[in-house]
Amino acid sequence: MLLFQLPFLLVFPFIVYRKCFVDPTPSNTGRGKLTRIETVWIFSAVALFVIANVYSISYMPMSKTAATEASGVAIQDVDVTARSWSYEISDREFEVGKPVRFSVKSVDTMHGFTVYHPNGKILFNMMLIPGLEKASSLVYTFTEPGKYKVRCLEYCGIAHHGMQDELTVVKATDKSS
Amino acid sequence: MLAATIRRTPLLGKMFEVDESTGLSDINTWPAMMIMTSFVWLVVAILLGVGMPVIQMAEMGSDLFYTAITLHGAALAFPFLFQFMMGISLHRSGGCMGKPASGKLTALIYICMNGGAVLLTLAVLGGLKITYTVMYPLPLVGAQMGAWSMNMVVLGFTGIALVLTSMIFLYPFQIIRMSFFGEQREELLLSARSLKDPGMLGMVMSIMILLVTGTPLMIVAGALLLALYGIVPLEAVTWASEPVVFQYVFYIFAHNLMEAMAIMVISAVYATLPLYLADGTRKLYSDKLANLALWILLVTSVTSFFHHFYTTNPGLPTALSYHGNIMSWGTGIGAAFSIFTILATIWKHGIKPEPGLMAILAGFVVYILDGVNAMVAANVAVSYQIHGTLWVGGHAMSVLIAMTLMWMGVLYHHYPVITGKKLDKVLGNRFVTLYTIGAVGLLYSFAAGGAMGMPRRFADWDAGGWMSVGVAILVFGLFLIAGFFTYMQSFFKSRAIS
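Residue numbers (my numbering), protein chains in the order written: chain P, 1 to 177; chain W, 1 to 498.
Do not rely on the hints blindly, as some may be mistaken.
Stated by the list, open to error - Label-pair distances were calculated between CB atoms; the ranges are:
1. 230/W <-> 7/P: 53 to 61 Å
2. 60/W <-> 44/P: 46 to 54 Å
3. 230/W <-> 134/P: 33 to 41 Å
4. 159/P <-> 283/W: 24 to 32 Å
5. 33/P <-> 177/W: 52 to 60 Å
6. 422/W <-> 50/P: 43 to 51 Å
7. 352/W <-> 7/P: 23 to 31 Å
8. 76/P <-> 173/W: 38 to 46 Å
9. 51/P <-> 215/W: 32 to 40 Å
10. 2/P <-> 279/W: 29 to 37 Å
To be verified - DSSO-like mimics (lysine-lysine), calculated; alpha carbons at most 30 Å apart, straight line:
11. 196/W <-> 33/P
12. 425/W <-> 283/W
13. 33/P <-> 288/W
14. 196/W <-> 352/W
15. 348/W <-> 33/P
16. 121/P <-> 33/P
17. 352/W <-> 425/W
18. 33/P <-> 352/W
19. 196/W <-> 288/W
20. 283/W <-> 33/P
21. 33/P <-> 147/P
22. 64/P <-> 147/P
23. 352/W <-> 422/W
24. 149/P <-> 171/P
25. 283/W <-> 352/W
Just so you know, the hints here were simulated from the structure itself, not pulled from any lab data. Positions of the beta carbon are idealized from the N, C-alpha and C atoms, including for glycine.
In isolation and in its complexed conformation, chain P is listed as follows:
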């Protein structure tokens, strides 16, 4: 984000300040030079657009889900039903390193299913539109043991902020014991 914003924040106000207060007279920069800058600018914008969009494909959760499914690794299936203002979760305990497929549905209004890392960062979130034929679905592999908070991030009425739950992630040996 700052990679884009900082250069803009430096250049735009600088040019405005310079041509407003320091030297507001017409610039003697030739038309040819401006055209060259224009061309470079346009190509840079287009190149950045292409690079960012191609590069981000591999980071899409759908790509990761597809890759995990194609790898043949066993996936633990978990069904979640959201309703105002609670979740029904078929299994709340998972193992580190074992992929989990969350299939989440809402049965009344719009809800969210957002899983937070114990450090407070969001791992992933899903938006749930009631009536959708297919449940919102995602495969995720937990990498650390701990208590993972679940929150609804789609406003769903007067007790929206109270709609939360908890998942437990344990080391592989802990669950079997």
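Using the hints provided, position chain W relative to the given structure of chain P.
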């Protein structure tokens, strides 16, 4: 009579009293009325905006918070900003086309917008807490659960339908009428412009977007309203009452509404910037590049709305998610062209340090900073981590704040024509400084909150230790308020040009 109503309005009447000696009442009076009324709604939105962090800090209850957030969003987006934009654009359109911005259609625009907003306000005060995005089917589910009454749902939906009628049909019809039909009146023509001019092209593009993307929502909302009134049975409109249908037609419109307003204000920047060039050439660096930027924004914005639904996958197929990703980033190319056009124009010709132009340029800076935040959020991978957080709420709010600042700057330019009075430069510069600090501070506060996982529309900021973000929001919100009241002060202290 309308001019007299404005004149008699306490406090605001002194600021927006129309100069009737110029013979321009037909392009000045209704716009002045709309602008004046929009500021009343802004004051409401401001008080509620400050109220939200205060409610959280003082632990005044979640009910009050959700009431405040519903009214704040609704007041800020529609009866304030959209009405403010309508007032200025009707005046601009009248002056550029030599056509009156008055008549029954304009009166109807005003009545539907403000009448609808009042009905929605009453419904929210009566218990309906649905946020300005409606969150359908929440209104019906909430009534079934006893959180609010069905009467309030009917009242609220009636208000929303009136507001939407004003925005989607009446206002676009009026701009189309003024742009393409009717006799030109020489005495109203202030600065003749054609549709080749970026300033006019953007305006026509915007109203076409509203008309085309808004019509499906009007059909669905109209069907629902008929069922709510009991005129047709609810079973007869199941095609409209499906949540997924409503959500899609809603976001096709709501997303493009923001894009249309952005195209409209960028075109106003293109129209206003040349008037303040230091060398008096009154020309943009390149009209073609400016028009190309508008066309790119138009084409890419229409289907970029898919980014609202990435996280419903596979409800939204992966291919459409990626399409939304590409289109959302495509709007950045249009923005890059706009940045170049504006900077090249300034570099080539120099500019005069007028508060109105500074407000426009500061608003443009906030708009671009927010645009970057929006593009980041529109990346599919990132969206899975920040959708539903304060980042997204901050984007919606910052784009409104940025457009407000740009329109406030444009009003600086038109104010002397409407009222026959000139504005104080010192107060103008102070307003721009305070407002810009507030806008940029709020933008980064919201983004930081989102990056920390702080949910939007959430009545318990303490739950995740996010209250520090709430404090920052309050502090920068106060800067914004100080900026706005300085702006109003400059109108209050304006002096007759003669």
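A quick look at each hint next to the structure:
For residue 230/W paired with residue 7/P, a C-beta distance near 59 Å keeps the hint of 53 to 61 Å intact. In this structure, residue 60/W and residue 44/P meet the distance hint of 46 to 54 Å, their C-beta atoms being roughly 50 Å apart. One distance hint, 33 to 41 Å for the beta-carbon pair residue 230/W and residue 134/P, holds here, with the actual separation near 34 Å. Between residue 159/P and residue 283/W the CB atoms are about 58 Å apart, so this pair departs from the stated range of 24 to 32 Å.
Checked against the given bound of 52 to 60 Å, the beta carbons of residue 33/P and residue 177/W, roughly 45 Å apart, lie outside it. For residue 422/W and residue 50/P, the hinted distance range of 43 to 51 Å is satisfied, since their beta carbons lie about 49 Å from each other. In this structure the supplied range 23 to 31 Å holds for residue 352/W paired with residue 7/P, their Cβ-Cβ distance being about 26 Å. Look at residue 76/P against residue 173/W: about 57 Å separates their beta carbons, and that is not inside 38 to 46 Å.
The supplied range of 32 to 40 Å is met by residue 51/P and residue 215/W, whose beta-carbon atoms lie about 38 Å from each other. A hinted range of 29 to 37 Å holds for the C-beta pair residue 2/P and residue 279/W, which are about 35 Å apart. Restraint check: the Cα-Cα separation between residue 196/W and residue 33/P comes to about 26 Å, which is no more than 30 Å; the hinted pair holds. Of the supplied pair hints, the one linking residue 425/W and residue 283/W holds, its CA atoms being roughly 25 Å apart against a limit of 30 Å.
Taken as a hint, the residue 33/P and residue 288/W pair is honoured in the structure, with Cα atoms around 18 Å apart against an allowance of 30 Å. Between residue 196/W and residue 352/W the CA atoms are separated by roughly 26 Å; this keeps the pair inside 30 Å, and the hint holds. A threshold of 30 Å between alpha carbons decides the hint, and for residue 348/W with residue 33/P the separation of about 12 Å falls inside it, so the pair holds. Restraint check for residue 121/P and residue 33/P: not satisfied, since their Cα atoms lie roughly 47 Å apart, outside the 30 Å limit.
Taking the CA atoms of residue 352/W and residue 425/W, the gap is about 12 Å. The hint holds against a cut of 30 Å. Of the pairs offered as hints, the one joining residue 33/P and residue 352/W holds, with about 24 Å between alpha carbons and a cut-off of 30 Å not exceeded. Taking the CA atoms of residue 196/W and residue 288/W, the gap is about 9 Å. The hint holds against a cut of 30 Å. Between residue 283/W and residue 33/P the alpha-carbon distance is near 19 Å, which keeps this suggested pair within the 30 Å criterion.
Straight-line distance between C-alpha atoms of residue 33/P and residue 147/P comes to about 60 Å, which puts the hinted pair past the 30 Å bound. The straight-line distance between the Cα atoms of residue 64/P and residue 147/P is roughly 23 Å, inside the 30 Å bound, and the hint therefore holds. The suggested pairing of residue 352/W with residue 422/W holds, with an alpha-carbon distance near 16 Å, which does not exceed 30 Å. Straight-line distance between C-alpha atoms of residue 149/P and residue 171/P comes to about 18 Å, which keeps the hinted pair within the 30 Å bound.
For the hint linking residue 283/W to residue 352/W, the alpha-carbon distance of about 14 Å falls within 30 Å, and the restraint holds.
Hints 4, 5, 8, 16 and 21 from the list above are not met by this structure, while the remaining hints are.
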